[in-house]
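Number of protein chains: 2
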Amino acid sequence: MADALPPIACCRSLGAPTLSDDEAEATAALFKALGDPARVKIVNLLATSEEPVCVCEFVPALGLAQPTVSHHLKKLADAGLLEREQRGKWAYFSLNPEASAGLAGLVELQEVTS
Amino acid sequence: MADALPPIACCRSLGAPTLSDDEAEATAALFKALGDPARVKIVNLLATSEEPVCVCEFVPALGLAQPTVSHHLKKLADAGLLEREQRGKWAYFSLNPEASAGLAGLVELQEVTS
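Protein sequence lines correspond, in order, to chains H and L.
Numbering of the first sequence is given in my numbering, commencing with residue 1 and proceeding in unit increments.
Numbering of the second sequence is given in my numbering, commencing with residue 1 and proceeding in unit increments.
Because the hints were derived from the structure by calculation, they are not lab data.
Cβ coordinates follow ideal geometry from the N, Cα and C atoms, glycine included.
A hint or two may mislead.
Pairs of lysine-lysine residues, derived as BS3-like cross-links and limited to a Cα-Cα distance of at most 30 angstroms, are as follows [as the list claims (entries may be wrong)]: (1) 74(H) with 89(H); (2) 32(H) with 75(L); (3) 75(H) with 32(L); (4) 32(L) with 75(L); (5) 74(L) with 75(H); (6) 32(L) with 74(L); (7) 74(H) with 32(H); (8) 32(L) with 74(H); (9) 89(L) with 75(H); (10) 32(H) with 74(L); (11) 89(H) with 75(H); (12) 89(L) with 74(L); (13) 89(L) with 32(H); (14) 89(L) with 75(L); (15) 75(H) with 32(H); (16) 75(L) with 74(H).
Looking from chain H toward chain L, a few residues come up when the C-beta cut is under 8 angstroms (computed) [claimed, not checked]: (17) 35; (18) 37; (19) 52.
Anything over 12 angstroms on all C-beta distances counts as not near chain L; from chain H, calculated [what the hints assert, rightly or not]: (20) 31; (21) 32; (22) 55; (23) 63; (24) 65; (25) 66; (26) 67; (27) 71; (28) 77; (29) 88; (30) 89.
Pulled out of the complex, with its shape left as it was, chain H reads as follows:
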C-alpha cells in the first residue's frame, strides 16, 4: 500500500502555528474536494441521513446523471470524507466518522485569533 494518506488524515488546522507545504497542499485538497455545489449537497444529504445512502438515491436527489454522481462521490471518497460499502449491485456511502471532527479541526482558527 504505497497510497498517500487521504487529506483528512494528514492535514493540519488552518490556525496551526506552522504549516508545511505538504500540509497546506493536503488542506487545500480537502477544501477543493468540497468546492462544488453537488458535493456540498452530497455531504449535506449524508449528514442528514441516519443510514448509508445508495448511489441510486443520489441520482434523483441531485438531478444529475449517474456517472456524474459517481464522479463526485469518488472525489469525496478519495479525499477521505466518505466511506464506501458495496451491497450487491449498488455502492452505499456514508460520512467518514472522522470527517466531521477533521473538518471542524481544519477551520479551528480561534486558538490564536481570539
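Given the coordinates of chain H, work out where chain L should sit on it, guided by the hints.
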C-alpha cells in the same frame, strides 16, 4: 449596492436539514476559495498573526510574485474571509472576525450525525 452577499454571509451548515441550490453554491464557493495551498497558507499566516499583515509581507513568506499574492488575497476577500485595509501605499489584510465562526458552522455536521 447591488453586490451579492459574500459566501460567508449567506451559506448554510453542511449539516443543515435543507440546503437550497443557492446555499449549496455559496457554500461551495467558500470551500473553493480555500482550495489552493497558497490561500491556505495566507489564512494560516493571518490566523497566527496578532496584527493585520501587509501584502508586502506575504510575498517573501509565500515565495510568490506580488501579482499572484494579490490575486489570492482578492479571492479570499471576495469570499468574505478577509478584511482589507489601505494604509498609504500598502494594503493590509486580516481575517474577518466572522470568518472563523462562519467556517466552523459550515462544517458543523454533528447535529444530525451523532
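Residue 77(H): least C-beta distance to chain L exceeds 12 angstroms? Since the minimum Cβ distance to chain L is about 16 angstroms, residue 77(H) lies beyond 12 angstroms and the statement holds.
Check the hint pairing residue 89(L) with residue 75(H) against an upper bound of 30 angstroms on the C-alpha distance. violated (43 angstroms)
Was residue 67(H) rightly flagged as not at the interface, with every chain L Cβ beyond 12 angstroms? holds (20 angstroms)
Least C-beta distance between residue 89(H) and chain L, which was stated to exceed 12 angstroms: Holds, because the least Cβ-Cβ distance between residue 89(H) and chain L comes to about 26 angstroms, which exceeds 12 angstroms.
Minimum Cβ distance from residue 71(H) to chain L greater than 12 angstroms, as the annotation requires: Fine: 15 angstroms to the nearest Cβ keeps residue 71(H) off the interface.
Check the hint pairing residue 89(L) with residue 74(L) against an upper bound of 30 angstroms on the C-alpha distance. Holds, at roughly 17 angstroms.
Would residue 65(H) pass as off the interface with chain L, using Cβ distances and a cut of 12 angstroms? holds (17 angstroms)
Given the hinted pair residue 75(L) and residue 74(H), is their Cα-Cα distance within 30 angstroms? holds (27 angstroms)
Return the status of the interface hint for residue 35(H): holds when the least beta-carbon distance to chain L is below 8 angstroms, violated otherwise. holds (3 angstroms)
Any Cβ of chain L at or closer than 12 angstroms to residue 63(H), or is the non-interface label fine? The claim breaks: residue 63(H) does not keep its Cβ more than 12 angstroms from every Cβ of chain L (closest is about 10 angstroms).
Given the hint that residue 74(H) pairs with residue 89(H), test it: the Cα-Cα distance must not exceed 30 angstroms. Holds - the C-alpha atoms of residue 89(H) and residue 74(H) are around 17 angstroms apart, at most 30 angstroms.
In terms of Cβ atoms, is chain L entirely out of 12 angstroms range of residue 66(H)? Answer for residue 66(H): holds, closest chain L Cβ roughly 19 angstroms.
In terms of the numbered hints stated before, the structure departs from hints 9, 13, 19, 20, 21 and 23, listed from lowest to highest.
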